[in-house]
Every structure is written in C-alpha cells, then in structure tokens.
Amino acid sequence: GRLIYGVRWLIVYEYLNKEFSFHLPCLLYTPEVKWTGDRIQGIAKAIRRGRAGKLRCYVCQEPKALIGCSGGSSLGGKQKTFHYPCGVKYKLKFVHA
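In this note's numbering, the protein residues as written are 14 to 110.
Don't read these hints as lab results, they were simulated from the structure.
One should not assume that every hint holds.
[Stated by the list, open to error] Using 30 Å as the maximum straight-line C-alpha spacing, the simulated DSSO-like pairs for lysine-lysine come out as follows:
| no. | residue 1 | residue 2 |
| --- | --- | --- |
| 1 | K91 | K106 |
| 2 | K58 | K77 |
| 3 | K67 | K102 |
[Said to hold, decoys possible] Simulated restraints, written as ranges between beta carbons of each label pair:
| no. | residue 1 | residue 2 | range |
| --- | --- | --- | --- |
| 4 | R69 | P38 | 12 to 22 Å |
| 5 | G55 | Q92 | 14 to 24 Å |
| 6 | N30 | Y103 | 31 to 41 Å |
Where is the CB? At the ideal position from N, CA and C, for every residue including glycine.
All chains should be built: construct the whole structure from the sequences, respecting the hints.
Right, here's the structure in full:
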C-alpha cells in the first residue's frame with residue numbers, strides 16, 4: 014500500500030487498489046500501526062484485521078473499529094474494540110502500547 018495524502022486529521026491510504034481513509038487519532042491508537050520518524054507502518058495489517066474480524070465498536074455497534082481495550086472491570090473483563098470518538102464518549106483512557 015501507499016500513503017496518498019493526509020489532510021488535517023484525515024489520512025487516505027491505498028491498499029489493493031482501493032482507498033481507505035482514517036482519522037489520525039484512530040491510527041495513533043491502532044495496535045498494528047507504528048510511527049517511525051515521518052513514516053507510518055502497519056496500516057495494511059490494520060485494514061486486514063478490521064476486514065477479516067468484522068470488528069464492531071462496543072459503543073455504537075458500527076463496523077471498522079480498530080482500537081482495542083484490554084477490558085478492565087468496567088468492561089466486564091473482556092477485550093473490546095472502539096472507534097476513537099466512541100472511546101472518548103465512553104471516557105476511555107488512551108495509551109500507546
């Protein structure tokens with residue numbers, strides 16, 4: 014894949030001849046994505062996980078939620094996935110792994 018362009022908080026990435034757009038905060042907390050200087054790696058891997066696992070957001074139940082939560086006591090101890098805006102509404106604490 015290749016980075017096509019980034020505008021404000023939106024990054025557009027080409028993978029398998031399709032364009033995928035991501036909000037920058039979503040990429041920051043997606044576990045597959047690593048930032049090395051000015052390079053972003055792992056976006057294709059995140060896309061594959063999102064498409065294969067049919068991940069849905071714990072809050073809104075919509076697909077393409079890639080941010081994982083370790084599942085503390087407030088979440089019943091189970092792993093959950095979120096969209097960044099939904100995690101903010103749910104008052105999650107975001108940390109980089």
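Evaluation of the provided hints:
In summary, the hint linking K91 to K106 is supported, as the alpha carbons are separated by about 16 Å, within the 30 Å threshold. A C-alpha spacing of about 13 Å is found between K58 and K77, which places the hinted pair at or below 30 Å, so the restraint holds. This hinted pair checks out: K67 and K102 have alpha carbons roughly 22 Å apart, not beyond 30 Å. The hinted window of 12 to 22 Å between R69 and P38 holds, with their beta carbons roughly 19 Å apart.
With their beta carbons about 19 Å apart, G55 and Q92 fall inside the hinted range of 14 to 24 Å. For N30 and Y103, the Cβ-Cβ distance of about 35 Å falls inside the hinted range of 31 to 41 Å, so the restraint holds.
Checked against the numbered hints given earlier, this structure breaks none of them.
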